[in-house]
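If you're matching them up, the sequences are chains A and B in order. So that you can map any letter, position 44 of the first sequence is 44 in full-length UniProt numbering, and since no number is skipped, the others follow by simple counting. So that you can map any letter, position 109 of the second sequence is 109 in full-length UniProt numbering, and since no number is skipped, the others follow by simple counting.
It is possible that some hints are incorrect.
Stated by the list, open to error - So the derived list for chain A, only partly shown, Cβ under 8 Å to chain B, looks like this:
(1) Met-1
(2) Leu-4
(3) Thr-5
(4) Met-8
(5) Leu-9
(6) Ser-10
(7) Val-34
(8) Lys-110
(9) Gly-111
(10) Val-112
(11) Met-115
(12) Glu-119
(13) Val-122
Simulated from the structure, these hints should not be mistaken for lab results. Only a predicted model underlies this, so the values are computations on that prediction, with no experimental measurement involved. Each residue gets a CB set at the ideal place from its N, CA and C atoms; glycine is no exception.
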Amino acid sequence: MRLLTHNMLSSNIKGVTNGFPLRIEVEKVVEKSVDFNPDFLKNMLAKIEYKALVEASRIMGYAELPDHAEPSMLESDDFLRKFHHALMELHLEEGTLVCPQTGRKFPVNKGVPNMLLHEDEV
Amino acid sequence: MLQILSTKQLTTRFIHTGARILNKKEMAVRQASLGGVDVDLETKTNVEKLKRGIAEFYDESSGIWEDIWGDHMHHGFYDPNSTISLSDHRAAQVRMIEEALKFASVPEDPMKKPKSIVDVGCGIGGSSQYLARKYGTECTGITLSPVQAERARALAAAQGLENKVSFEVADALNQPFPDGKFDLVWSMESGEHMPEKAKFVNELARVAAPGARIIIVTWCHRNLSSSEQSLNPDENKLLDKICDAYYLPTWCSTDDYVKLLQSLSLQDIKAADWSEYVAPFWPAVIRSALTWKGITSLILSGWKTIKGAMVMPLMMKGYKKGLIKFAIITCRKPE
Numbered sequence: 001m002r003l004l005t006h007n008m009l010s011s012n013i014k015g016v017t018n019g020f021p022l023r024i025e026v027e028k029v030v031e032k033s034v035d036f037n038p039d040f041l042k043n044m045l046a047k048i049e050y051k052a053l054v055e056a057s058r059i060m061g062y063a064e065l066p067d068h069a070e071p072s073m074l075e076s077d078d079f080l081r082k083f084h085h086a087l088m089e090l091h092l093e094e095g096t097l098v099c100p101q102t103g104r105k106f107p108v109n110k111g112v113p114n115m116l117l118h119e120d121e122v
Numbered sequence: 001m002l003q004i005l006s007t008k009q010l011t012t013r014f015i016h017t018g019a020r021i022l023n024k025k026e027m028a029v030r031q032a033s034l035g036g037v038d039v040d041l042e043t044k045t046n047v048e049k050l051k052r053g054i055a056e057f058y059d060e061s062s063g064i065w066e067d068i069w070g071d072h073m074h075h076g077f078y079d080p081n082s083t084i085s086l087s088d089h090r091a092a093q094v095r096m097i098e099e100a101l102k103f104a105s106v107p108e109d110p111m112k113k114p115k116s117i118v119d120v121g122c123g124i125g126g127s128s129q130y131l132a133r134k135y136g137t138e139c140t141g142i143t144l145s146p147v148q149a150e151r152a153r154a155l156a157a158a159q160g161l162e163n164k165v166s167f168e169v170a171d172a173l174n175q176p177f178p179d180g181k182f183d184l185v186w187s188m189e190s191g192e193h194m195p196e197k198a199k200f201v202n203e204l205a206r207v208a209a210p211g212a213r214i215i216i217v218t219w220c221h222r223n224l225s226s227s228e229q230s231l232n233p234d235e236n237k238l239l240d241k242i243c244d245a246y247y248l249p250t251w252c253s254t255d256d257y258v259k260l261l262q263s264l265s266l267q268d269i270k271a272a273d274w275s276e277y278v279a280p281f282w283p284a285v286i287r288s289a290l291t292w293k294g295i296t297s298l299i300l301s302g303w304k305t306i307k308g309a310m311v312m313p314l315m316m317k318g319y320k321k322g323l324i325k326f327a328i329i330t331c332r333k334p335e
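Only chain A is shown next, with the shape it has when bound in the complex:
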C-alpha cells in the first residue's frame, strides 16, 4: 500500500466521525522505484491531505518531506522529488492501519489493506 492509497482510506465504523487519517503501524516497508511525473504530482498536491502524508511518511521512515507545502513549492524540483518519493515510492507491505477514533486495527498483508468491518461495526 503506497501512501497515495493511505491518503484516501478512512475508517467508516458506525458512529465514527473522525476516521481519517488512519494511523500506521509498520512491520515491513518496501521502497519501489516509480517513474517521476511532475505533472501528475502537481495535480495531486491539491487533492491530497498533505499533513496526513507528512505524518505517514515519517512513520514509514522518511523524514525529508517539509511540514507544510505551498503551491509555489511545486516549482522546486527538490520538493517535487521528495513529494514523489513519499507519495509513490514508500510501500507498506506488512503492517496495520488503526482507526484514530476507536483504535480498531485493519491489517495490511502483502501490500493489500483489509478494510472489512465486523457485523457490529456497521
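Please arrange chain B on chain A, whose structure you already have, making use of the hints.
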C-alpha cells in the same frame, strides 16, 4: 420512495391479479434486499454468511476464470446475431467497458476526464487496469476476496501499472473512503452480489465527487408490471437456483435501481437492457468449460466452482425467458 404495503393491501391486490401472495417473510426479504427497512438479526447474519460465501467463491474460482478467460470477469458486448470465435471474446469484453463509458457520456477531454476512479467489485483488476490506462489516472479497486486483491495487485505490477492502480479488501456496502472522493464510480457486474441495494447505491453516491459519473452494469430480473408485487413462482424458483450457486442475494429489477438513484436526487439517470448484446456469452463460457482444459481445471478448483459451472445453462434459460436482464444504469452526481 419505497412503499411498504400492509398485508391487507397486498392481499387485495393479489386477489384481483391472481398473483402469488408473498408471505411476510418473503416480503421482508424483498424489502430488505431493496434496503427500505431496518434489517433484523437473522437477515444480518445471512448477509455476513453471504459475504463470506462470495469471498470464498471468488477465492476459489478466480484462478480458473483467469486461466481460460483472462482478467476481465464480465460479459462481452457483441453485435446481435453475429458469429463469434473464441478469440473475439476478449475484444468483446473490452468493448463492454467502452460501450458503458459511452452510454454514461464520460468525458474524454483532458480537462474534464475522470482524475480518480473507484472500481467497486474489482475482481482481479481487469477494469481497473483498463480505466487507469485509458484516462492516465489512478484507480482503486475493492473486493471481498483477499485472493483476488492480491492477484489484482500482482497483475497490475506485471503490467507496470502498480503506481496507478491499488486494491483493497473491502465491502461495497461500507466503502473505506471519505465522501466525494471519486470522479468515476464503476460497478461492472458486481451489483448482483449486493444484499442491500439501497445501501449499495447510497455508498456509490456517497463516494462520488460532485459532477462524477456512476456506472452500474449488472444482472437484474425483468421489470414488474404495475399489477405485480413479485415475479411468479417459476421465475423465483429459477433465480433461487442461480442465487445459490453464485452467492447472489435476492434479485431486483432495473426499475428498482432507477428508483433508488432518483431517490438520491442523482441526475441524468439512464437505463438500458443490453441482454441482446450479451447473448453469445454464456454459450461461449459453457463451451470453454467443456473443453479438456475446462473440465480438468474445474475438477481441480473445488465444489463451489463446479456448482457455479453447472448452473450456467440456467443463466441461458433465464435470458431466453426474458426473466434475466443484463442492465446498465448510469447517472451523474450534481455539482
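Each hint, compared with the structure:
Taken as an interface hint, A:Met-1 checks out: its beta carbon lies about 7 Å from the nearest beta carbon of chain B, inside 8 Å. Look at A:Leu-4: its Cβ gets to within about 7 Å of chain B, closer than 8 Å, so that hint holds up. Hint status for A:Thr-5: holds, given a least beta-carbon distance of 4 Å to chain B, under 8 Å. A cut of 8 Å between beta carbons decides the hint on A:Met-8: the least distance to chain B is about 6 Å, and the hint holds.
The interface hint given for A:Leu-9 holds, since its Cβ lies 5 Å from the closest Cβ of chain B, which is under the 8 Å cut-off. A cut of 8 Å between beta carbons decides the hint on A:Ser-10: the least distance to chain B is about 5 Å, and the hint holds. Taking 8 Å as the C-beta contact cut-off toward chain B, the hint placing A:Val-34 at the interface holds, the least distance being around 4 Å. Here the hint on A:Lys-110 is kept, as its CB sits about 6 Å from the closest CB of chain B, short of 8 Å.
Hint status for A:Gly-111 relative to chain B: holds, with the closest Cβ pair at about 6 Å, below 8 Å. Proximity of A:Val-112 to chain B holds as hinted, the smallest CB-CB distance being about 5 Å (cut-off 8 Å). At a threshold of 8 Å, the smallest CB-CB gap from A:Met-115 to chain B is about 4 Å, leaving the interface hint in force. Proximity of A:Glu-119 to chain B holds as hinted, the smallest CB-CB distance being about 6 Å (cut-off 8 Å).
The beta carbon of A:Val-122 is positioned within 8 Å of a beta carbon in chain B (closest approach about 6 Å), and the interface hint is therefore held.
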